[in-house]
Amino acid sequence: MPSKINFNKNSFNDEMLLKLYENMLKPRLIEEKMLILLRQGKISKWFSGIGQEAISVGVASALETNEYILPMHRNLGVFTTRNIPLYRLFSQWQGKMNGFTKGRDRSFHFGTQEFKIVGMISHLGPQLGVADGIALANKLKNTKNVCAVFSGEGGTSEGDFHESLNVAAVWSLPVLFCIENNGYGLSTPITEQFKCSDIADKGIGYGMESYVIDGNNILEVYSKVDELAKSIRLNPRPVLLEFKTFRVRGHEEASGTNYVSQDVLDSWISKDPIKNYQEFLMEEGILTEAIDSSLRTAINLEIQKHLQISFKEASIIPDLETELKDVYHDFSDFKAIQPGLKKKNKRFIDAVSEGLYQSMEAHDDLVIMGQDIAEYGGAFKVTDGFIEKFGKDRIRNTPICESSIVSAAYGLSINGIKSIVEMQFSDFVSSGFNPIVNLLAKSHYRWSQKADVVIRMPCGGGVSAGPFHSQTNEAWFTKTPGLKVIYPAFPQDAKGLLIAAINDPNPILFFEHKALYRSVYQDVSENYFTLEIGKARLIKEGNQLTVISFGAAIHWVLDVLKNHKEISVDVIDLNTLQPLDSETIYTSVKKTGKAIIVQEDSLFGGIASDISALISENCFEFLDAPVKRVASIETPIPFNKGLENQYLGKNKIEKNILELIRY
0 MPSKINFNKN SFNDEMLLKL YENMLKPRLI EEKMLILLRQ GKISKWFSGI
50 GQEAISVGVA SALETNEYIL PMHRNLGVFT TRNIPLYRLF SQWQGKMNGF
100 TKGRDRSFHF GTQEFKIVGM ISHLGPQLGV ADGIALANKL KNTKNVCAVF
150 SGEGGTSEGD FHESLNVAAV WSLPVLFCIE NNGYGLSTPI TEQFKCSDIA
200 DKGIGYGMES YVIDGNNILE VYSKVDELAK SIRLNPRPVL LEFKTFRVRG
250 HEEASGTNYV SQDVLDSWIS KDPIKNYQEF LMEEGILTEA IDSSLRTAIN
300 LEIQKHLQIS FKEASIIPDL ETELKDVYHD FSDFKAIQPG LKKKNKRFID
350 AVSEGLYQSM EAHDDLVIMG QDIAEYGGAF KVTDGFIEKF GKDRIRNTPI
400 CESSIVSAAY GLSINGIKSI VEMQFSDFVS SGFNPIVNLL AKSHYRWSQK
450 ADVVIRMPCG GGVSAGPFHS QTNEAWFTKT PGLKVIYPAF PQDAKGLLIA
500 AINDPNPILF FEHKALYRSV YQDVSENYFT LEIGKARLIK EGNQLTVISF
550 GAAIHWVLDV LKNHKEISVD VIDLNTLQPL DSETIYTSVK KTGKAIIVQE
600 DSLFGGIASD ISALISENCF EFLDAPVKRV ASIETPIPFN KGLENQYLGK
650 NKIEKNILEL IRY
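If you read the sequence shown in numbering that gives the first Met the number 0, its first letter stands for residue 0, the second for the next number, and so on.
Honestly, I wouldn't trust all of these hints.
To be verified - The following label-pair restraints were derived from C-beta to C-beta distances:
| hint | residue 1 | residue 2 | range |
| --- | --- | --- | --- |
| 1 | 323 | 142 | 25 to 31 Å |
| 2 | 517 | 82 | 54 to 60 Å |
| 3 | 143 | 258 | 16 to 22 Å |
| 4 | 447 | 265 | 25 to 31 Å |
| 5 | 589 | 102 | 48 to 54 Å |
| 6 | 639 | 317 | 49 to 55 Å |
| 7 | 432 | 234 | 57 to 63 Å |
Please keep in mind that the hints were generated in silico from the structure rather than gathered at the bench. Keep in mind that this is a model prediction, so the values were computed, not measured. Backbone N, C-alpha and C fix where the C-beta goes; we use that ideal spot for every residue, glycine too.
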């Protein structure tokens with residue numbers, strides 16, 4: 000029976016033609032076995048790639064083994080072509096320790112540096128931005144490597160698709176964007192996903208090459224990807240590839256295929272990439288029944304052997320210490336660099352700028368990314384003059400696309416480069432929220448991959464900037480395990496903690512209050528130095544009351560206390576909100592017996608609430624009064640100066656302190 004796909008041998012030798020067949024056959028036979036195990040309850044879920052093997056195998060075969068591939072659910076062929084031991088895949092799918100996530104994530108939600116594979120998260124779009132970051136690192140290091148990233152036609156509807164392709168085009172990044180168009184995003188057909196004829200048409204708007212490829216034709220897939228990869232290694236640029244294909248099973252097995260007509264299913268089943276290629280090879284005399292039988296027998300034996308290894312592996316015994324320890328990348332080898340005695344009086348903003356500058360000198364590949372940070376020097380001029388010293392490769396203006404840039408920072412980290420992302424205003428971080436809390440925060444816990452990223456967050460009110468430029472939104476992140484949150488109040492702390500944050504391999508949000516930038520001065524050590532992250536500072540000592548605060552609110556507290564010399568108060572500047580220095584808090588509260596927490600953010604759900612609860616739970620028998628909280632009112636922050644003054648909690652501090660003293 001002749002093949003329904005037009006295969007062209009070109010210059011392929013018989014060995015390569017057979018190898019491609021074997022590489023497609025292997026994931027197919029594994030899948031058929033997994034479907035049996037799924038019905039037996041031995042794995043929990045399965046996303047079938049049957050009918051799409053040619054794409055995964057063709058792309059993975061065309062790339063070098065040291066080039067990163069970022070696959071999705073239906074790309075088992077990427078993993079098998081990279082020769083990952085099958086028992087490790089089977090252990091992963093059974094939630095066992097020999098997998099790649101220690102039982103913490105399932106199916107293909109994992110990565111492995113050993114095999115240069117970066118798995119996806121369920122929020123599909125950020126995967127494309129991660130590829131941008133990996134490709135940027137390749138370009139900065141001049142490795143001549145290509146990076147390939149997969150998405151489905153449904154994922155192209157996400158904003159991250161637009162952002163990531165735009166960034167890749169603007170920066171001429173060596174990325175292959177591989178879009179598997181299998182007709183449906185779960186059950187939603189492409190006619191309800193996009194209006195253009197082909198997804199490849201979208202590449203035109205980004206000024207990049209785009210191609211439509213028969214995703215069921217292994218030779219066409221391999222030939223085109225191989226040709227492009229060789230070209231891109233010499234001439235870095237992004238390329239959009241749309242692979243036309245179909246999945247003949249449901250989105251996942253529980254979904255079924257009732258939303259597809261039987262005629263459509265039958266038509267695509269007749270175009271099966273493996274069956275058609277098998278027939279072609281037999282017609283050419285390259286594959287025989289005997290060779291085919293031998294390949295199938297060998298693969299099935301390998302599957303059975305490795306299944307037995309994974310079945311015999313013991314189930315994970317939960318260990319609380321291990322779980323907690325793995326949330327962050329270990330940084331116990333942190334080497335403190337002491338502040339020098341030579342100091343100069345500086346504004347808060349100058350201390351931040353100097354910390355950045357000296358860090359750029361200390362790390363010769365450190366990259367800063369953000370809107371208008373290059374020639375313009377940033378919205379607040381923090382990076383003014385940096386481009387003359389460090390160049391545009393390292394001081395990178397970005398398009399307005401927070402999500403993709405945060406994802407790209409993660410990709411840089413995966414490929415061995417530290418980065419800093421400046422949010423022009425902390426309010427804008429909402430546009431990059433997903434990759435922060437789902438990529439950066441969970442990375443080390445999920446697959447032991449550090450996310451070496453600092454996100455600078457100019458924040459806060461008191462500058463009449465209105466609802467979208469005045470928020471202090473630290474509480475969005477202090478509750479997310481895996482993130483560190485730093486919020487200094489003084490120039491010396493800002494510089495030392497920023498340098499420490501950049502040296503720390505974990506994802507850190509570094510809040511810088513805009514109202515402090517040019518209003519607060521302090522003598523700042525001129526050398527490159529670090530301060531300990533997670534260590535609060537007792538900046539005033541007394542015995543009647545403990546006041547706990549951070550950022551601009553610390554200065555509000557100190558201003559009140561200047562007018563009340565008769566009050567004896569401990570004032571704790573937290574500096575770091577996550578991890579929280581609870582011991583310093585408890586020690587002070589046990590001494591004074593009273594506590595008040597002051598934050599600028601609105602009251603409900605803020606970190607003051609958690610600190611209050613911690614004090615009540617751990618210091619109850621020492622308390623002589625209820626724990627008080629002072630915060631701003633429960634509205635968005637207004638623009639009008641009078642309304643803003645009413646909003647901010649600074650005017651409530653004096654009354655609450657005096658009431659607590661008298662209690």
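Broken hints, by number: 1, 3, 4, 5 and 7
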